[in-house]
Amino acid sequence: MIIPLVLVLLFWNYKYNFNKPKNIKPYFSILFITTLIFLFFVLTINNQPAGNRAKEFFIYNSSIPNIVNQERQEAIQIPINSLFINKLTYLVKYFITNYISAFSPERLFVYGDGISNSSYTFWKHGMFFILDFIFVILGIVIMYKKNYKAWLLLFILLIISPLPGVINKSAGQFSLRGALMFPLLIIFLGYGLKSFFSKYKSKLSIIAIGLIYFFSIINFLHLYFIQYPIYGSSAYNFDNRILAKYVLLQNQYSPNKNITIVSNEPFGIFYQLLFFNNWYQNKSDVLVASQALKQLPIRYKNVTIQNNCQAINYDDLVIYFTLEICTDGLEKFDTNYLSISSLTDSGEKFRILNDQLCSGVSHPNYYTVSNFNQLNIEPMSVNDFCSNWITKLSKGELSAF
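Residue numbers (our numbering): 13 to 413.
It is worth saying that the hints were derived from the structure and are not from the lab. Computed from a prediction, not measured in an experiment: that's the story for all the values here. Honestly, I wouldn't trust all of these hints.
Computed list of lysine to aspartate or glutamate pairs in EDC-like fashion (alpha-carbon distance at most 16 Å, straight line) [claimed, not checked]:
{"#": "1", "residue 1": "257", "residue 2": "367"}
{"#": "2", "residue 1": "295", "residue 2": "277"}
{"#": "3", "residue 1": "306", "residue 2": "327"}
{"#": "4", "residue 1": "257", "residue 2": "357"}
{"#": "5", "residue 1": "99", "residue 2": "118"}
{"#": "6", "residue 1": "313", "residue 2": "297"}
{"#": "7", "residue 1": "269", "residue 2": "327"}
{"#": "8", "residue 1": "404", "residue 2": "360"}
{"#": "9", "residue 1": "257", "residue 2": "118"}
{"#": "10", "residue 1": "269", "residue 2": "360"}
{"#": "11", "residue 1": "404", "residue 2": "357"}
{"#": "12", "residue 1": "306", "residue 2": "328"}
{"#": "13", "residue 1": "269", "residue 2": "396"}
{"#": "14", "residue 1": "404", "residue 2": "367"}
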């Protein structure tokens, strides 16, 4: 992104600078230094933390050969198929499709990046208000007519702004990687509003537009504070936060009780136990945690985290992710278990065996959140926590995925 950005700025400055210098060496010097910095980054990327994400570049998508082979099989078998169906044509189509989708009005003004990137979007609201679409278009058109130089710079920057998101193999993630486009669109939006109110100065137009924006803001605030904490909870692993609180309370209740957690993401579970329970307060805690991460199963304090159901002592407190099928030895727990459920639909996420912490508390069958304090689970007492967040599901209820 740095080289296209520098090229655009140098071109615009050279073309429209009123005191245009005759010597273009400074421009080549800046471009040369920028290129050196870029090459240094590329050549040393494997020795940097960013190197771990280098394979996210879309040309490294391992599924491309399978997609190409499938497309060839779904065509009449003629010799020229390989000319039209190959990795290059797939990459070109992928690039163009992803690039166009970055400017999709539905993405920008209605739904955002969509459910696949749930932690960076609201799913039900775009990056802008729907009314903004009119004023963005108006701003682009009027700025082109009245201030072409500024329009050219902003428009070219807008054209290249989605590139970091376009070349990533995770298609459609522009909330972060394409973030440069948002301030540029805001500039066009502001110019469109200014131009509109310069021409239509009546109180009626001001009140009408003001009311639409007022209700748009109220709608967004309701979405953000009332709806999103529930339907977006899975994006921030709220069920793992409940798990961490349960483990913390269990350790306080019975410090010597061994806890076995089975999950298909053992490292993610461990990271969140460390974070939510504040288990790394000093250097020695960090060293112990780092040592525990070197192998599976992860053993830390009295907690064992593993990614399979082998060698489980069913006399311990066992918590397992219900996607994992742990059938051996579970017959006696057929109905005698508690659960941690999904806040979104109350489907079971974790099953708890041999619980004693919450055994004397009345448990809900599903979650009902009636106030903000209920979501603040860290300061909750055992009774409040168990009665709000540990469920007792009927036999046969489906798990949430």
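Structure-based check of each hint:
no., hint, verdict
1, 257 with 367, "holds (14 Å)"
2, 295 with 277, "violated (25 Å)"
3, 306 with 327, "violated (27 Å)"
4, 257 with 357, "violated (20 Å)"
5, 99 with 118, "violated (29 Å)"
6, 313 with 297, "holds (11 Å)"
7, 269 with 327, "holds (10 Å)"
8, 404 with 360, "holds (10 Å)"
9, 257 with 118, "violated (39 Å)"
10, 269 with 360, "violated (24 Å)"
11, 404 with 357, "holds (14 Å)"
12, 306 with 328, "violated (24 Å)"
13, 269 with 396, "violated (22 Å)"
14, 404 with 367, "holds (12 Å)"
Violated hints for the displayed structure, listed by number in ascending order: 2, 3, 4, 5, 9, 10, 12 and 13.
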